Each structure stands twice: as C-alpha cells, then as structure tokens.
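A.B. asks: Here is what each chain is made of, one letter per residue.
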Amino acid sequence: MSDAAADWPDQIYALFKEHGIRQVALVPDAGHSRLIKRCLADNDIKVTTLTTEEEGIGLIFGGWLGGEKGVLLMQSSGVGNCINMLSVPIAHRTPCPMIVTMRGDYGEFNPFQIPMGNATQTVLEAMGTLVKRAETPEDVAPTVNATLRLAFNTYRPTATLISQRVIGAKTFGK
Amino acid sequence: MQTGPTGKLMRREVVKTLLADRGGMLAIGGLGAPAWDITAAGDTPLNLPLWGGMGAAAVMGLGLAQAQPERRVLVVTGDGEMLMGIGSLATIAVKRPGNLAIVVLDNEHYGETGMQETATRHGVDLVGMARAAGIADSRLVRTAEELLALHQAIRAGGLIFAVIKIDEAPQPLVLPPREASILQARMREAIMGPEAHLQ
Numbered sequence: 000m001s002d003a004a005a006d007w008p009d010q011i012y013a014l015f016k017e018h019g020i021r022q023v024a025l026v027p028d029a030g031h032s033r034l035i036k037r038c039l040a041d042n043d044i045k046v047t048t049l050t051t052e053e054e055g056i057g058l059i060f061g062g063w064l065g066g067e068k069g070v071l072l073m074q075s076s077g078v079g080n081c082i083n084m085l086s087v088p089i090a091h092r093t094p095c096p097m098i099v100t101m102r103g104d105y106g107e108f109n110p111f112q113i114p115m116g117n118a119t120q121t122v123l124e125a126m127g128t129l130v131k132r133a134e135t136p137e138d139v140a141p142t143v144n145a146t147l148r149l150a151f152n153t154y155r156p157t158a159t160l161i162s163q164r165v166i167g168a169k170t171f172g173k
Numbered sequence: 000m001q002t003g004p005t006g007k008l009m010r011r012e013v014v015k016t017l018l019a020d021r022g023g024m025l026a027i028g029g030l031g032a033p034a035w036d037i038t039a040a041g042d043t044p045l046n047l048p049l050w051g052g053m054g055a056a057a058v059m060g061l062g063l064a065q066a067q068p069e070r071r072v073l074v075v076t077g078d079g080e081m082l083m084g085i086g087s088l089a090t091i092a093v094k095r096p097g098n099l100a101i102v103v104l105d106n107e108h109y110g111e112t113g114m115q116e117t118a119t120r121h122g123v124d125l126v127g128m129a130r131a132a133g134i135a136d137s138r139l140v141r142t143a144e145e146l147l148a149l150h151q152a153i154r155a156g157g158l159i160f161a162v163i164k165i166d167e168a169p170q171p172l173v174l175p176p177r178e179a180s181i182l183q184a185r186m187r188e189a190i191m192g193p194e195a196h197l198q
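Line by line, the protein sequences give chains E and W.
Going by numbering that gives the first Met the number 0, the first residue of the first sequence is number 0, and it counts up by one from there.
Going by numbering that gives the first Met the number 0, the first residue of the second sequence is number 0, and it counts up by one from there.
Check before you lean on any hint, since a few could be wrong.
[What the hints assert, rightly or not] Across the chosen pairs, the derived CB separations fall in these ranges: (1) W/142 <-> E/132: 54 to 60 Å; (2) E/145 <-> W/2: 31 to 37 Å; (3) E/114 <-> W/95: 47 to 53 Å; (4) E/82 <-> W/131: 52 to 58 Å; (5) W/192 <-> E/82: 46 to 52 Å; (6) E/106 <-> W/43: 27 to 33 Å; (7) E/169 <-> W/178: 41 to 47 Å.
[Said to hold, decoys possible] In the PhoX-like style, the derived pairs of lysine-lysine whose C-alpha atoms are separated by at most 20 Å in a straight line are: (8) E/36 <-> W/7; (9) E/16 <-> E/68; (10) E/16 <-> E/36; (11) E/68 <-> W/94.
Don't read these hints as lab results, they were simulated from the structure.
As the structure is a prediction and not an experimental result, all values here were calculated from the model.
Ideal placement from N, C-alpha and C gives every residue a C-beta, glycine not left out.
Please work from the sequences and hints to get the whole structure.
C.D. replies: Set out below in structure tokens:
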C-alpha cells in the first residue's frame with residue numbers, strides 16, 4: 000500500500016503516463032512542486048512554464064490540434080486568468096483537463112487569496128467546466144483520473160480542485 | 000508587389016505570398032482580419048482560423064509545433080492580438096521550437112472595433128520585444144524584397160518572429176466556417192487521418 004498522504008503527486012504522475020499525456024503546461028505552485036519535478040524528469044513529457052495561466056489553455060488546444068494530450072497545472076488564483084480563454088476549448092470541443100491546487104479555501108493566511116479561492120469552482124462551472132474536488136489525499140488519484148477521463152472521453156474543459164486540506168496551508172511562520 | 004495608399008504592403012497579398020507553395024505547412028490565423036486573410040488565401044483543413052481566444056494565437060502555435068515537430072507551423076496574427084499575449088513571447092523563446100514562425104500583420108490599429116490605435120502606433124517595438132525575449136530571428140518587414148526573404152526563411156525552418164507593416168485599409172470580409180469543432184477536427188484529420196477521431 001502506498002501512503003497517499005505523501006504519494007498523491009506520484010499517483011498523478013502515474014495517471015499522466017497511463018493516459019498518454021505528452022504536454023504539461025504550468026504556472027508553478029508549491030503544491031505541485033513534486034509533480035512538476037517528476038514531469039521535468041520525463042523525456043516523453045514536454046513541460047512548458049507559462050507567463051500566465053491562460054496561455055496554457057491555448058497551448059493545450061494547439062497540442063490537441065497536433066494529436067498530443069495536455070494538462071494544465073496551476074493554483075486557484077490562476078483560474079481567474081483563464082476564464083475568457085475557456086471559450087477556446089468549449090467552442091472547439093477540445094479536451095482540456097486542469098489540476099488546480101487550492102489557496103484561499105481552508106486555513107488561508109493571505110487575504111488576497113480568499114476572493115479567487117472562494118470563487119474558483121463557481122467561475123469554472125459558470126464557464127462550462129466539469130469540476131470535481133479532492134478533499135483528502137486518498138481522493139486525489141481517483142478524482143484526477145475522473146477529470147482526465149471526462150476531458151478526453153467527452154471533449155471539454157474539466158478540473159480537479161485539490162483542497163488546502165490535502166496540501167496544507169502556507170503559514171508564513173505564524 | 001502592390002502597396003496601399005500609405006505606401007505599405009497590402010495584407011491580403013502578404014498572406015497569399017506567405018502561404019504560396021505551403022506544402023503541409025499548418026497555419027493558425029489570429030481572430031479578426033488575420034483569420035479572414037488566411038481564408039482569403041484559400042480555405043483548407045491546414046488552416047485554423049480563430050474566432051476568439053485573443054492573445055493566445057502564438058502560444059497555440061507553440062503547442063501545435065511541439066506536437067508536430069516535423070511540420071512547419073505558421074501563426075499569422077495582428078498587432079492588437081499579439082500585444083494581448085505579449086508574455087507568450089517569453090514562453091515561446093524559452094521552448095525555442097525550430098518549426099514555428101509567428102508573423103504579426105501590423106496595421107497599428109484595432110481593425111475590428113473601429114480602428115482605434117494600438118501601442119505599435121505609438122512606437123512600441125514588437126520586434127525589439129521578441130528579440131529581447133530571446134528569439135534571435137526577429138525581423139521587421141516593410142518591402143516586397145523583405146517579404147520574399149521572410150517567405151524563404153519560413154520555408155527553410157527555425158524559430159522566426161516577424162512584424163510586417165501593412166496598409167490599414169480594411170479588406171472585404173472572407174469568413175471561414177464558424178463551427179469551431181469542425182475547424183479543429185478537420186485540421187486533426189488532415190494531420191493524422193481518420194485515426195484522429197479515435198484518439
């Protein structure tokens with residue numbers, strides 16, 4: 000038995016391999032750092048670091064045009080940067096899975112994270128995205144699996160939101 | 000080659016020239032006039048004209064170029080569209096795809112919304128910004144000779160960023176299909192065959 004509390008990033012990486020993910024687009028988040036390292040170490044996955052998250056929606060669309068499956072990794076604040084760009088996968092019927100590490104939802108320290116963290120699921124759903132939440136480490140792999148399957152089987156933007164309860168809240172030493 | 004009242008190159012002729020003898024080259028047209036321009040040059044499954052996604056044309060080209068490294072990918076977009084996604088020049092410069100060319104048709108105006116001036120009208124230098132990002136072959140095109148040299152460079156390969164100063168006179172609308180799922184599916188099928196729909 001693996002220890003989900005520590006291994007959930009490795010379980011996501013294993014799902015990327017199982018689903019044949021070839022492009023990973025991201026704006027870094029501390030919660031994704033272990034997964035990012037695994038992807039960077041894999042020569043079959045092209046990792047693109049973005050200047051803003053909405054670029055990732057465009058990148059994944061371009062990759063799918065060329066026959067490659069992609070995933071966008073970001074923090075919940077970055078979801079706000081993607082909203083209008085979600086019209087691209089919706090109109091084209093592009094599989095566009097997103098894995099979002101949450102800020103501002105559980106024990107948050109930084110007031111600026113609260114507005115977008117509180118609105119992440121609502122605004123994604125308002126833009127036609129299928130959203131599933133992972134509240135415990137054990138939830139993460141099955142939820143990400145569902146998000147990948149829903150995207151690639153039904154051609155639309157989908158998202159897993161990984162709770163701060165899984166990641167742990169950043170405390171700034173307080 | 001014809002020039003407009005301003006003495007600048009004409010957008011339709013420019014795009015037709017760049018897409019001549021294209022072989023299997025894939026083209027993405029930024030929303031607005033560049034999408035109509037690539038359509039006027041001849042609508043084909045190798046074209047992906049955009050009806051939205053402002054600011055993302057260049058980075059879409061990056062995703063496509065990474066997925067199809069054996070194919071030439073050309074992004075044709077406008078100055079307003081490029082300015083909205085200007086950070087993507089950093090993203091693209093770092094990845095350095097050797098099969099991507101980005102061509103900005105710069106009329107120094109937002110053409111679809113009433114010809115308001117863009118930042119390039121006020122001296123903002125997109126070529127300088129691309130070069131500073133690290134795209135070594137970043138060039139300004141003003142003449143027919145420079146356009147032909149760009150056409151040859153695109154055929155030869157390498158990461159290229161070009162700004163072409165074009166006449167601002169609007170051209171007749173030549174609209175591509177508006178159902179975007181068809182635009183996506185037809186390009187995927189042109190690249191991968193019917194298997195594309197079973198991926």
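A.B. asks: Which numbered hints does this structure break?
C.D. replies: 2, 3, 4, 5, 6 and 8
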